[in-house]
Structure formats: structure tokens, C-alpha cells
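Student: Work out the full structure, taking the sequences as your base and the hints as a guide.
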Amino acid sequence: MLLIPCPWCGQRDEIEFRYGGAAHVEYPGDPETVDDATWARYLFVRPNPKGPLAERWCHSQGCRRWFNIVRDTVTHQITRSYRMGEAP
Amino acid sequence: MSGSEHPDHLWRNPDPKRSYDVVIVGGGGHGLSTAYYLARNHGVTNVAVLERGWLAGGNMARNTTVIRSNYLWDESAAIYEHSMKLWEGLADDLDYDILFSQRGVLNLTHSQHDTRETRRRVYANRLNGIDAEWLTPEDIKEFCPIVNLSPDIRYPVTGASLQRRGGIAKHDYVAWAFARQADAFGIDLVQNCEVTGFDVDGGRVTGVQTSRGQIAAGKVALCAAGHSTVLAAMVGLELPIQSHPLQALVSELLEPALNCVVLSNAIHVYVSQAHKGELVMGAGMDPFNSYAQRGSPHIIEQQLAAAVELFPIFSRAHVVRTWGGIVDVSPDASPIVGLTPIENLFVNCGWGTGGFKATPASGWVYAHTIARGQPHPFNAPFSLDRFTRGALIDEHGAAAVAH
Numbered sequence: 001m002l003l004i005p006c007p008w009c010g011q012r013d014e015i016e017f018r019y020g021g022a023a024h025v026e027y028p029g030d031p032e033t034v035d036d037a038t039w040a041r042y043l044f045v046r047p048n049p050k051g052p053l054a055e056r057w058c059h060s061q062g063c064r065r066w067f068n069i070v071r072d073t074v075t076h077q078i079t080r081s082y083r084m085g086e087a088p
Numbered sequence: 001m002s003g004s005e006h007p008d009h010l011w012r013n014p015d016p017k018r019s020y021d022v023v024i025v026g027g028g029g030h031g032l033s034t035a036y037y038l039a040r041n042h043g044v045t046n047v048a049v050l051e052r053g054w055l056a057g058g059n060m061a062r063n064t065t066v067i068r069s070n071y072l073w074d075e076s077a078a079i080y081e082h083s084m085k086l087w088e089g090l091a092d093d094l095d096y097d098i099l100f101s102q103r104g105v106l107n108l109t110h111s112q113h114d115t116r117e118t119r120r121r122v123y124a125n126r127l128n129g130i131d132a133e134w135l136t137p138e139d140i141k142e143f144c145p146i147v148n149l150s151p152d153i154r155y156p157v158t159g160a161s162l163q164r165r166g167g168i169a170k171h172d173y174v175a176w177a178f179a180r181q182a183d184a185f186g187i188d189l190v191q192n193c194e195v196t197g198f199d200v201d202g203g204r205v206t207g208v209q210t211s212r213g214q215i216a217a218g219k220v221a222l223c224a225a226g227h228s229t230v231l232a233a234m235v236g237l238e239l240p241i242q243s244h245p246l247q248a249l250v251s252e253l254l255e256p257a258l259n260c261v262v263l264s265n266a267i268h269v270y271v272s273q274a275h276k277g278e279l280v281m282g283a284g285m286d287p288f289n290s291y292a293q294r295g296s297p298h299i300i301e302q303q304l305a306a307a308v309e310l311f312p313i314f315s316r317a318h319v320v321r322t323w324g325g326i327v328d329v330s331p332d333a334s335p336i337v338g339l340t341p342i343e344n345l346f347v348n349c350g351w352g353t354g355g356f357k358a359t360p361a362s363g364w365v366y367a368h369t370i371a372r373g374q375p376h377p378f379n380a381p382f383s384l385d386r387f388t389r390g391a392l393i394d395e396h397g398a399a400a401v402a403h
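From first to last, the protein sequence lines stand for chains H and V. Note that my numbering gives residue 73 to position 73 of the first sequence, counting from 1, and the numbers run on in steps of one. Note that my numbering gives residue 197 to position 197 of the second sequence, counting from 1, and the numbers run on in steps of one.
In case anyone wonders, no lab produced these hints; they're calculated from the structure. Fair warning: this is a prediction, and the values are worked out from it, not measured in the lab. For glycine and all other residues, C-beta sits at the position ideal for the given N, C-alpha and C. Among these hints, one or two may not hold up.
To be verified - Facing chain V, from chain H, some residues (calculated, C-beta under 7 Å): (1) M1; (2) P5; (3) I15; (4) F44; (5) V45; (6) N48; (7) K50; (8) V74.
Tutor: In C-alpha cells, the structure reads:
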């Protein structure tokens, strides 16, 4: 089980959190004007690196706030935890 | 050699040649079956299977060996039922006993919604010519007496679907059987050979860079499950795949107690009893992306709680071993098998939590796709471009297990 540092509540067990996948996925623009490939990439393609990954978690059974962490997908080591809106 | 003797080697252990017509990247079940069917069905034998570690040491060694074809959607039903039919003749075809046991697969239901969806799937399966039955709790009592049918448990059993032709096989034997026959056709199974890059010339792949040198290839076929995006990134190809840990575990060896495969989607455990006697169990995957081949203990705790509630007689069994594999999950929980935007580069991934059962059909249709340069009718719907076209095959939940 991961020990996840919530930027508001501190270290808590993984079971208090809900995973939100990759962070910093940018909206591709006006959906009426972007082409299908761009829209599909926005909907379906996410980073899946073997190494550090910036990802979103929600402290759903704690403060119920979303935040970001940087976690290594091989070692599971968490090197950063930061609030929404902060730079990675 | 007499019939009772086991041969010293089931396949050669060759060094890679400088060039092949086809290079398959990944020596798991799907890669080995692809190699075999390339030779058997298409006469393509100048082939190498490149494996980073040892043959069938990834998910092929880590899965829970459940085989069934009771998928909801027509496209899935077609390819998984093709696989089932291949399983039914596979031991003869490969001349190797794979301990395929059609002992029946029960999918339990625990709520009104569960019941409705499962009965819908039973009817859909029948319309696709796939054996499927709806069992009431009384029927379950007769078919699998050890299931706890008490109305007083947290999620009482309301019924089940049954596919009698479903079952299990011995995963190692399946891999060895495909490897042996592929080798017999002259295909090189090259182990400890990690692909580190691709040679691309004018939008066309021409070879691979490996830890054992450069290898030229007429065609390159990716078949690397959880590592598919890592490979694809080397050639600038983005795949809609996320890699997650999926765990399994076994008990110590027990006397025969469980006569079939039982899956429960709602409380999420699946269990069968292997030929040797150990209970083999799996459950949900960890939610986060990972390549660590290990999962979280609380997933196991939940799965064992579900197992003990459903099967009170398991309560004194001991867990002997747990492990994790890395599954490649696509957005619609269906595989991606077909062409890529890069000429002569093919992709086979996204089987997620259900790849083992597809081992023969995956190789069958992938070999066709590679040899002919166009997909087989069974994998045509599972193209990479379906995500752009919007033609998803949404098996999330519909496939009788959650993903």
C-alpha cells in the first residue's frame, strides 16, 4: 500500500485516496474545430512512462481535495506532492 | 528417445541472426503463438521472437489461467470464441498435453442489476452461438455445492451465468507447446535480448536495435503487453494504453474441493483449483500506473474477504504465494491488434486482465495481419484507429468482469 503525502493532511494510507490518472492533461481547444485525431488523443492517450509520472489523487476519505504527486512507476517512490494549480 | 522420456530441450537457444523477415518483440504466450501460426498457417518461418528475459516469464507466468468466451459484444464474442475453438483442439495440434480442462466457468451475480446484465449477456452469447446458461441459486447449489448461498451474507448470490466449455489450462505447458513447435519450424526464439530502439527509414520500420546487436527485419510485430507503450515510444508511436499491477495468489495444495471456475464481479474475486490442488485466486488490479510487478496488500485482503464469504470452507486455507503482473489496459478494455501508422510495424496489446484465454486466437489473427499486411476479420474491429473513429468495443464491465 502506498503512503501518500496529501498537501493538506500529510502522510495517509492509499486506501483513503482515489486515483485520478495523469496530471496536467491540457484541454485541446474548441472541440468543434480540432480534428478527430487531436480529440481522440485528448480523450484516450495518457502518459504511461516507466519512471516518474505526475499524477492526480483525491483524498476522498479525508479532506476530499484533489492534488498532484510525482511518483516513480517502477519504485513507487513519491518525490513531490503539490496542490492543484502549482507547477509540477 | 522413448515416449516416456522428457527431451533435454524443447527448443534451441540460438544467437540472433543479422536479419529476419519478421521480428516479434516479446516472447510471451501471444508472441509464441504468433510465431507458431506464422509458420503453420502462412509458411513464414524466417522469424525471430525476441524476449527481454526468458520465454513466457511475464504475464504468461503470472495469470490465473481462466479460459472462457462469454463476452457481451459481437466483436469480442467472435475472437474469444475462435480462441475457445482453438483451445479445444490445441493439445492435438501442438502434440503436447496442456491440461486444458473444460470444467465450467460460473459468473456469480449479487444484485438485481447484476442479474439483468448477466442474463442479457447469456442471451447475447447464445445469439452468437456460444454456450451460456442462466443458473438460479438452486441450480448453483447443484453445480457447485460449496458456494455460500445464504441470504444472510453481505452480498447474497442471486444467480450465475455458466459457460460449461470454459475452464483452465496449464499456462507453462501452453507456452512450452507453442515454443517447441515454433522452434521445430526453424523460428529463432532469442532470449535475454532486449529491444532498445527501432530503425525507421522513410516512415517504414527496417529493423530493431537490441542488447544483442542490430537486427534487420522486413516486418516488426510488437507483442509486449504491459511494456507496449515503452516500446512504442521508442519509435514515436503513442498508444492508448495504461499499465497497472494485477495480483494473484495461491493456497497450499488441497484435496479437490472446487470443481469449476467461479468469478464474482461485484465483490471481485475469481478462483479455481489447479490440477495440483492449490486454489488460484485473482481480483481487481491496483488503480495506479505501475511497472513494479507487485501490488498492494489491501487488494489481497479484500479479495480474500470476498473468497471466504463466498466459500466458507476456504477459511482455513493458507496463502502460500502472491505475485503481480503488469497488465496493459486500453480505454475500452478491448485489445488493440493490427496495423500502425508506421509501415511494416504491427501492434498487439491492450488485452489487459484477460490475455491468457486469447493466447491461441491472438496469435492466429496477428499472424494473419503480419503475413497479409491487413487484419483478419476477427481483429479488424480491434484496430488502433478505432479510438479516432469512435468505434469503441466497450467491454468494461460488459465482459463479465470489472477491469
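Student: Measuring from the C-beta of V74 (chain H) to each C-beta in chain V, is the shortest one below 7 Å?
Tutor: Holds - the Cβ of V74 (chain H) comes within 7 Å of chain V, reaching about 5 Å at its closest.
Student: Does M1 (chain H) hold up as a contact with chain V if the rule is Cβ-Cβ below 7 Å?
Tutor: 5 Å, holds
Student: Next item in the hint list is V45 (chain H). Is there a CB on chain V closer than 7 Å to its CB?
Tutor: 5 Å, holds
Student: Using Cβ atoms only, decide whether F44 (chain H) comes closer than 7 Å to chain V, and label the hint accordingly.
Tutor: Check passed: Cβ of F44 (chain H) comes within 4 Å of chain V, closer than 7 Å.
Student: Going by Cβ atoms only, is K50 (chain H) closer than 7 Å to chain V?
Tutor: 5 Å, holds
Student: Given I15 (chain H) was flagged as interface, is its beta-carbon under 7 Å from a beta-carbon of chain V?
Tutor: Holds. Min distance 6 Å.
Student: Checking hints one by one. Is P5 (chain H) an interface residue toward chain V, by the C-beta closer than 7 Å rule?
Tutor: Interface hint status for P5 (chain H): violated (15 Å vs cutoff 7 Å).
Student: Could you check if N48 (chain H) really has its C-beta closer than 7 Å to a C-beta on chain V?
Tutor: Status holds, d = 4 Å.
This entry does not satisfy hint 2, going by the numbered hints stated previously; all others are met.
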